[in-house]
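K.L.:
Two independent chains are provided; combine them into the complex using the hints.
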Amino acid sequence: GEDVEQSLFLSVREGDSSVINCTYTDSSSTYLYWYKQEPGAGLQLLTYIFSNMDMKQDQRLTVLLNKKDKHLSLRIADTQTGDSAIYFCAESNTNAGKSTFGDGTTLTVKP
Amino acid sequence: GAVVSQHPSWVICKSGTSVKIECRSLDFQATTMFWYRQFPKQSLMLMATSNEGSKATYEQGVEKDKFLINHASLTLSTLTVTSAHPEDSSFYICSAASYSYYGYTFGSGTRLTVV
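First to last, the protein sequences are chains A and B.
Just so we're aligned: the first sequence equals residues 26 to 136 in the working numbering.
Just so we're aligned: the second sequence equals residues 3 to 117 in the working numbering.
Isolated chain B, as found in the complex (with noise of 0.2 Å):
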């Protein structure tokens, strides 16, 4: 079956740093892969759609200078959170689509701590 890995699991980073999660595609090439961030409260936000080699597409209200991402390959993508602060602490979770299956599989999440 279809497989994300999603690096690193969880990450603690000071104020001010930027931290990069990795979200690979093992065993297929991803049309489309997605970031998503999950409130304490359950519900997904999502926060991007990327497409290999094209800027990734953001969601009304996500700052794209502050969350960069990359979608280097059809199997790769990476967001970086950049100048992290306090309030950017959360679950991160990736997915990717791909016509080969139906549904989305979804990484394993990050979460992030800023301190």
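For reference, chain A alone in the conformation it holds in the complex (with noise of 0.2 Å):
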């Protein structure tokens, strides 16, 4: 089935800029997302990227696909300590489908 990995544990310093990266296996994923969840909460949709695209923008966030490698890397300029969260990988064949989530990846900030 698919599969969606990523590192669990990343930390930078405030005002550096972090890159969580994350790999998938099913060739055809159209949509692959970026949630954020931070402590005792919900998650919630950072950005998206569909699978004809490279690259995409939004502020301080900025999503780089090689769809070749099937990886994906969500990348947060400037980061603060409000950025210290988890940060799942998500892909999907469908809008509204299923998806499949990688296990997260847990970002420190450090001040």
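Do not take every clue at face value.
Okay, derived cross-link-like pairs now, DSSO-like style, lysine-lysine, Cα gap no bigger than 27 Å in a straight line [what the hints assert, rightly or not]:
#1 K22/B x K68/B
#2 K66/B x K123/A
#3 K43/B x K61/A
#4 K123/A x K135/A
#5 K123/A x K92/A
#6 K95/A x K61/A
#7 K123/A x K57/B
#8 K16/B x K66/B
#9 K81/A x K93/A
#10 K81/A x K95/A
#11 K123/A x K43/B
#12 K135/A x K93/A
#13 K123/A x K95/A
#14 K123/A x K68/B
#15 K123/A x K16/B
#16 K16/B x K95/A
#17 K93/A x K61/A
#18 K68/B x K16/B
#19 K92/A x K61/A
#20 K135/A x K43/B
#21 K22/B x K66/B
#22 K22/B x K43/B
#23 K61/A x K123/A
Chain A stretches covered by chain B per the calculated footprint, using a threshold of three residues with CB under 8 Å from any CB of chain B [to be verified]:
#24 83–97
#25 101–107
#26 124–133
Treat the hints as calculated values from the structure; they're not laboratory data.
Positions of the beta carbon are idealized from the N, C-alpha and C atoms, including for glycine.
P.N.:
Shown next, in the form of structure tokens:
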């Protein structure tokens, strides 16, 4: 079945850039998502990218997609302590359909 | 934007009792709702997928008689944990999907503790 993998932990200093990486196995993935989860809360959709795109930028967030390598990354510029959270990568073949989630990357931002 | 309300946010119940968790899309009609269980090491486990008016589709290994899902309308789905045991203690999260939005809208989660 489909699989999505991401590293479990990332630690950066405040003001630095953070890059969270994700790989997936399903070559028919059409929608790729990044979600953020703060402690004790549900997940919040941060951004998404379609499989026919290479890059998407939204303020401090930049998503890069290498479809050939099935690799997705999320770059957070000027990382702040409020960015400390768990970040989940997810993929889906259809919008509103079943998504496969990675295990999440815990980002810790040190002052 | 899309909002999903999940209640209660936390509940403590005695072993052997049942608990109902409600998930409601407030400002949109959900095509599909999903129920997840999140373990302490952060990974999400999909429990079931539900569509309004039809039986939920459970993932392999999830007991459908223990975790009852009712999707009564396009805006409401409920998860009932029947005869709860301490091993059912976990963080349960619902999400809703709609063709009007990309991605899922998640509820805020329910922390269930069975004592």
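K.L.:
Indicate, hint by hint, whether the structure satisfies it.
P.N.:
Here is how each hint holds up against the structure:
1. The suggested pairing of K22/B with K68/B holds, with an alpha-carbon distance near 12 Å, which does not exceed 27 Å.
2. Straight-line distance between C-alpha atoms of K66/B and K123/A comes to about 19 Å, which keeps the hinted pair within the 27 Å bound.
3. Taking the CA atoms of K43/B and K61/A, the gap is near 16 Å; set against the 27 Å cutoff, the hint holds.
4. Using a Cα cut-off of 27 Å, the hinted pair K123/A and K135/A is violated, with the two alpha carbons roughly 35 Å apart.
5. Straight-line distance between C-alpha atoms of K123/A and K92/A comes to about 20 Å, which keeps the hinted pair within the 27 Å bound.
6. For the given pair, K95/A sits about 21 Å from K61/A by alpha-carbon distance, which is consistent with the 27 Å threshold.
7. Proposed proximity of K123/A and K57/B is supported: the alpha carbons are some 16 Å apart, at most 27 Å.
8. Only pairs whose Cα atoms come within 27 Å are accepted, and K16/B paired with K66/B is accepted, the gap being roughly 21 Å.
9. About 17 Å separates the Cα atoms of K81/A and K93/A, which keeps this hinted pair within 27 Å; it holds.
10. Distance check on the hinted pair: K81/A and K95/A sit about 16 Å apart at the alpha-carbon level, within 27 Å; holds.
11. A C-alpha spacing of about 22 Å is found between K123/A and K43/B, which places the hinted pair at or below 27 Å, so the restraint holds.
12. As the CA atoms of K135/A and K93/A are separated by approximately 34 Å, the hinted pair breaks the 27 Å bound.
13. Under the criterion of a C-alpha separation no larger than 27 Å, the hint pairing K123/A with K95/A is consistent with the structure, at around 19 Å.
14. In summary, the hint linking K123/A to K68/B is supported, as the alpha carbons are separated by about 22 Å, within the 27 Å threshold.
15. A threshold of 27 Å between alpha carbons decides the hint, and for K123/A with K16/B the separation of about 33 Å lies outside it, so the pair is violated.
16. Using a Cα cut-off of 27 Å, the hinted pair K16/B and K95/A is violated, with the two alpha carbons roughly 46 Å apart.
17. Of the supplied pair hints, the one linking K93/A and K61/A holds, its CA atoms being roughly 26 Å apart against a limit of 27 Å.
18. The suggested pairing of K68/B with K16/B holds, with an alpha-carbon distance near 16 Å, which does not exceed 27 Å.
19. For the hint pairing K92/A with K61/A, the CA-to-CA distance comes to about 23 Å; that is within 27 Å, so the pair holds.
20. A C-alpha spacing of about 21 Å is found between K135/A and K43/B, which places the hinted pair at or below 27 Å, so the restraint holds.
21. A threshold of 27 Å between alpha carbons decides the hint, and for K22/B with K66/B the separation of about 14 Å falls inside it, so the pair holds.
22. Between K22/B and K43/B the CA atoms are separated by roughly 25 Å; this keeps the pair inside 27 Å, and the hint holds.
23. Distance hint between K61/A and K123/A is fulfilled; the C-alpha atoms sit about 18 Å from each other, no more than 27 Å.
24. Only residues whose C-beta sits within less than 8 Å of a C-beta in chain B count toward coverage, and the stretch 83–97 of chain A has 0 of them, not enough to reach three; the restraint is violated.
25. Figure legend: the stretch 101–107 of chain A, annotated as covered by chain B; annotation inconsistent (0 residues with Cβ-Cβ distances under 8 Å, at least 3 required).
26. Under the rule that three or more residues need a Cβ within less than 8 Å of chain B, the assignment of the stretch 124–133 of chain A holds, with 5 such residues.
Checked against the numbered hints given earlier, the structure breaks hints 4, 12, 15, 16, 24, 25 and satisfies all the rest.
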